[in-house]
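Q: For reference, the chains in residue letters:
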Amino acid sequence: MSSDTLAKIPTAADTPEPADAPRIVPQRRYGQWAAAVVVLVLLGLAVNSVLRNKAFQWDVVADYFTTDSVLRGLWLTLWLTAVVMVLGFALGTLLAAFRLSANPVLRAVGWGYVWLFRSIPILVQLLLWFNIGALYPQVLGVKTVDLLSPVAVAIVGLTLHEAAYAAEVVRGGILSVDRGQIEAAQALGLSRWRRWRRIVLPQAMRAIVPPAANMLIGTLKGTSIVSVIAVNDLLFSAQLIYHRTYQVIPLLMVATLWYAVVTSVLGIGQYYVEKHYARGTENAR
Amino acid sequence: MTVMVDIRSVHKSFGALQVLNGIDLQVRAGEVTVVLGPSGSGKSTLLRTINHLEKVDRGRISVDGALVGYRRAGNRLYELPEREVLRRRTRIGFVFQNFHLFPHLTVVENVIEAPVSALKRPRKEAVESAHRLLERVGLADKATAYPRQLSGGQQQRVAIARALALEPRLLLFDEPTSALDPELVGEVLDVIRDLAGQGTTMIVVTHEIAFAREVADTVVFMADGRIVEQGPPGEVLERPRHERTRAFLSKVL
Numbered sequence: 045m046s047s048d049t050l051a052k053i054p055t056a057a058d059t060p061e062p063a064d065a066p067r068i069v070p071q072r073r074y075g076q077w078a079a080a081v082v083v084l085v086l087l088g089l090a091v092n093s094v095l096r097n098k099a100f101q102w103d104v105v106a107d108y109f110t111t112d113s114v115l116r117g118l119w120l121t122l123w124l125t126a127v128v129m130v131l132g133f134a135l136g137t138l139l140a141a142f143r144l145s146a147n148p149v150l151r152a153v154g155w156g157y158v159w160l161f162r163s164i165p166i167l168v169q170l171l172l173w174f175n176i177g178a179l180y181p182q183v184l185g186v187k188t189v190d191l192l193s194p195v196a197v198a199i200v201g202l203t204l205h206e207a208a209y210a211a212e213v214v215r216g217g218i219l220s221v222d223r224g225q226i227e228a229a230q231a232l233g234l235s236r237w238r239r240w241r242r243i244v245l246p247q248a249m250r251a252i253v254p255p256a257a258n259m260l261i262g263t264l265k266g267t268s269i270v271s272v273i274a275v276n277d278l279l280f281s282a283q284l285i286y287h288r289t290y291q292v293i294p295l296l297m298v299a300t301l302w303y304a305v306v307t308s309v310l311g312i313g314q315y316y317v318e319k320h321y322a323r324g325t326e327n328a329r
Numbered sequence: 003m004t005v006m007v008d009i010r011s012v013h014k015s016f017g018a019l020q021v022l023n024g025i026d027l028q029v030r031a032g033e034v035t036v037v038l039g040p041s042g043s044g045k046s047t048l049l050r051t052i053n054h055l056e057k058v059d060r061g062r063i064s065v066d067g068a069l070v071g072y073r074r075a076g077n078r079l080y081e082l083p084e085r086e087v088l089r090r091r092t093r094i095g096f097v098f099q100n101f102h103l104f105p106h107l108t109v110v111e112n113v114i115e116a117p118v119s120a121l122k123r124p125r126k127e128a129v130e131s132a133h134r135l136l137e138r139v140g141l142a143d144k145a146t147a148y149p150r151q152l153s154g155g156q157q158q159r160v161a162i163a164r165a166l167a168l169e170p171r172l173l174l175f176d177e178p179t180s181a182l183d184p185e186l187v188g189e190v191l192d193v194i195r196d197l198a199g200q201g202t203t204m205i206v207v208t209h210e211i212a213f214a215r216e217v218a219d220t221v222v223f224m225a226d227g228r229i230v231e232q233g234p235p236g237e238v239l240e241r242p243r244h245e246r247t248r249a250f251l252s253k254v255l
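Protein chains in written order, with my numbering: chain F, 45 to 329; chain U, 3 to 255.
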């Protein structure tokens, strides 16, 4: 059996450098310095103009930043995003399984779903669900209008839209896993479920997490579209206030700053999730 | 001696390409069979049909008395449900050319995965026997490493330990050293030689003629989906009777 000890080989660090060895001078990059200065100056001018422009009314922003109605709107935005992501990815994973299935009917249905819901603009879809009563006045004896509240319309519409994109993200992740991994798991007698849970999915996650995080952040802000069907999300709450007070810009700033705060927190979360799934790869540690 | 692997007139084609064209082969328990042959001769496909990673078109294969992947009733072979195929596979170890270790699991997790999930062994017990196996392949100190941190030769030795963890009745090696740097081939062959010495039944597809001469009880030479000749290494390698065998050996020796 071979031993894993390596013979000690003298390295460059062991030999003293001769005194007259030429010194290495890195190339001077004056262009980079100039570019950095120009960019910093432009950035400074932009920040200055935003802070000193009275029309932003930063004092009003501060007043409304933690108002009850804004916080209630923020809460709705957060849980709506969470629900849509969870349901969207659950349905998307199922659709990805359809598209990778050996059954041609399931493959076609998966493909058709993704085609349809990527083709319909989300705004159109929300309005269609909102007005579903015009198409189907009654379902099983119940009035459709009573069945779907605006919040329910938001959940259904956003989830169906999200699922089409999630299906492609999950499918791409699964395809990125080497076919040999599945064969090795089959040869070891691992059950179908175990192969999927333990071998394929953890490896697929490396390819799934970055676009999924992108989708999560996109959805967070994308939920603001539900303001068109009068759902009280973060943006709509801000709009309700400025319709009353006419302080349009500062209240848009309130909503924007909250979106930025949540996006930053999610970005930090993404870093740790990616690190977790990078186990055993060159990016680990 | 009892027959461990019994292959009867196996045919297999990929589309129009006939890969296996009537293979008959018996491997006795405790023997080492080395399969040689040019690329595309069907060696790897034959090996893969033995544990049903590849389905046969015609013929049948039984391992340790049980048909692989099928149930016989009258004159028909019914394909078994996957659960049953998986259970039979746990008695056959398979070592791949490219190792196929699970990169997101540590060495010891790779080794215990099948005993714990397929054989329902208690985890603690599986870990203990995994450490014994790793010691046997000379990697006792690498248990917590990830595959990527190991050399190719070390990875292949882990893959062998992973296959052994199921205590298989039969071990199949598909060109186990072909993906290795030349200086790493020896350490993997050492492990396989060691297993052969302990009476493990093995079928090894390889290009290592010297290894075949030393370790094989039977050498099988394949070309164009058929077995051209088989016999003890002294005969097939030193006094080949067929032109195809002679031509092949003169190129690789």
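Among the hints, a few may not be true.
[What the hints assert, rightly or not] According to the in silico footprint, chain U covers these stretches of chain F (three or more CB under 8 Å from chain U):
| hint | segment |
| --- | --- |
| 1 | 115-121 |
| 2 | 221-227 |
| 3 | 243-250 |
| 4 | 318-325 |
[To be verified] Derived DSBU-like pairs: lysine-lysine, alpha-carbon spacing no greater than 35 Å straight-line:
| hint | chain 1 | residue 1 | chain 2 | residue 2 |
| --- | --- | --- | --- | --- |
| 5 | U | K122 | U | K57 |
| 6 | U | K253 | F | K319 |
| 7 | F | K187 | F | K265 |
| 8 | F | K319 | U | K126 |
| 9 | F | K187 | F | K98 |
| 10 | U | K253 | U | K57 |
Just so you know, the hints here were simulated from the structure itself, not pulled from any lab data. Beta carbons: idealized from backbone N, C-alpha and C, even for Gly.
Q: Taking the hints in turn, state whether each one holds.
A: Hint by hint, here is what the structure shows:
1. 115-121: violated (count 0)
2. 221-227: The restraint on the segment 221-227 of chain F holds, since 4 of its residues have a Cβ under 8 Å from chain U and three suffice.
3. 243-250: It holds: at least three residues are needed, and the segment 243-250 of chain F offers 3 whose Cβ sits within less than 8 Å of chain U.
4. 318-325: Our answer is that it holds, as 4 residues pass the Cβ test (under 8 Å) against chain U, meeting three.
5. K122(U) / K57(U): Given pair K122(U), K57(U) holds - Cα atoms ~27 Å apart, limit 35 Å.
6. K253(U) / K319(F): violated (49 Å)
7. K187(F) / K265(F): holds (32 Å)
8. K319(F) / K126(U): At roughly 28 Å apart (the allowed maximum being 35 Å), K126(U) and K319(F) satisfy the hint.
9. K187(F) / K98(F): violated (51 Å)
10. K253(U) / K57(U): Distance ~32 Å between K253(U) and K57(U) Cα, so the pair holds.
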